[in-house]
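2 protein chains.
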Amino acid sequence: MIGRLNHVAIAVPDLGAATAIYRDRLGATVSAPLDLPEHGVTTVFVELPNTKIELITPLGDASPIASFLARSPEGGVHHLCFEVADIDAAAERMKADGARVLGDGRPRIGAHGKPVLFLHPKDFAGTLVELEEA
Amino acid sequence: MIGRLNHVAIAVPDLGAATAIYRDRLGATVSAPLDLPEHGVTTVFVELPNTKIELITPLGDASPIASFLARSPEGGVHHLCFEVADIDAAAERMKADGARVLGDGRPRIGAHGKPVLFLHPKDFAGTLVELEEA
Chain A
1 MIGRLNHVAI AVPDLGAATA IYRDRLGATV SAPLDLPEHG VTTVFVELPN
51 TKIELITPLG DASPIASFLA RSPEGGVHHL CFEVADIDAA AERMKADGAR
101 VLGDGRPRIG AHGKPVLFLH PKDFAGTLVE LEEA
Chain B
1 MIGRLNHVAI AVPDLGAATA IYRDRLGATV SAPLDLPEHG VTTVFVELPN
51 TKIELITPLG DASPIASFLA RSPEGGVHHL CFEVADIDAA AERMKADGAR
101 VLGDGRPRIG AHGKPVLFLH PKDFAGTLVE LEEA
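Same order as they appear, the protein sequences are chains A and B. Counting from 1, one number per residue, gives the positions in the first sequence under full-length UniProt numbering. Counting from 1, one number per residue, gives the positions in the second sequence under full-length UniProt numbering.
Do not take every clue at face value.
Any copy will do: because identical chains look the same in the list, a pair fits if it lies in one copy or spans two.
In the DSBU-like style, the derived pairs of lysine-lysine whose C-alpha atoms are separated by at most 30 Å in a straight line are [unchecked claim]:
no.: 1; residue 1: Lys95; residue 2: Lys114
no.: 2; residue 1: Lys122; residue 2: Lys52
no.: 3; residue 1: Lys114; residue 2: Lys52
no.: 4; residue 1: Lys95; residue 2: Lys52
no.: 5; residue 1: Lys122; residue 2: Lys95
For the record, the hints were derived by calculation from the structure and aren't laboratory data.
Model the full structure from these sequences, guided by the hints.
Below, the structure is given as structure tokens:
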């Protein structure tokens, strides 16, 4: 079912410092920061030849990544995003298999403007997994 | 400098269960388990169209991922591996920039039979980074 690894999201406490690490230390191509107030994050995209790293930092008072950074104040990998062809079919498959879809269990529009699901880390070997309709 | 994301390594306490999650629940193509005694892990490769996930579990009494799993008993993303064209040049660049190369600071042969470096998470936004000569 899953296709490409769309991105690896890394939550960071200092977006400017993390961007400099990827741009200057590792020599990667990075985007300008993009505020996504409806998702509670500011994002910088690190463009690699085959996929993206997304550096994310909290935006606003109720960021969904605030609790992650409280537990991991230096930052770390927050989630992996895999592409799927049909998000509704993916949601049904997950539920039929007993895997927990976060939120109300239905796809919602994600940070790229496409429908996504987030899946419970305890059902995916300790990793928060996002599925995005490609 | 960095090129492709070669793989995302996920440390897991139960390799069979994690393999089943990726194969059966997520519908991905997975390899047979491969023991790498010189690296202290057993690995399953999850083949995606653009990159790989490597599921790793401890092998032997002195596995380098044992302490990670002691802190994160359900598993989680252990490291990201980026490809570089010249591992010796990468090592020099990291040291010149003040980034800590783990071990004795020199490239060694990694799990794929190619020279690699591991870089200190505190110098890379909280993420353990591996560089592998492509």
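Checklist entry - Checked against the structure, which of the hints given earlier come out wrong? => result none
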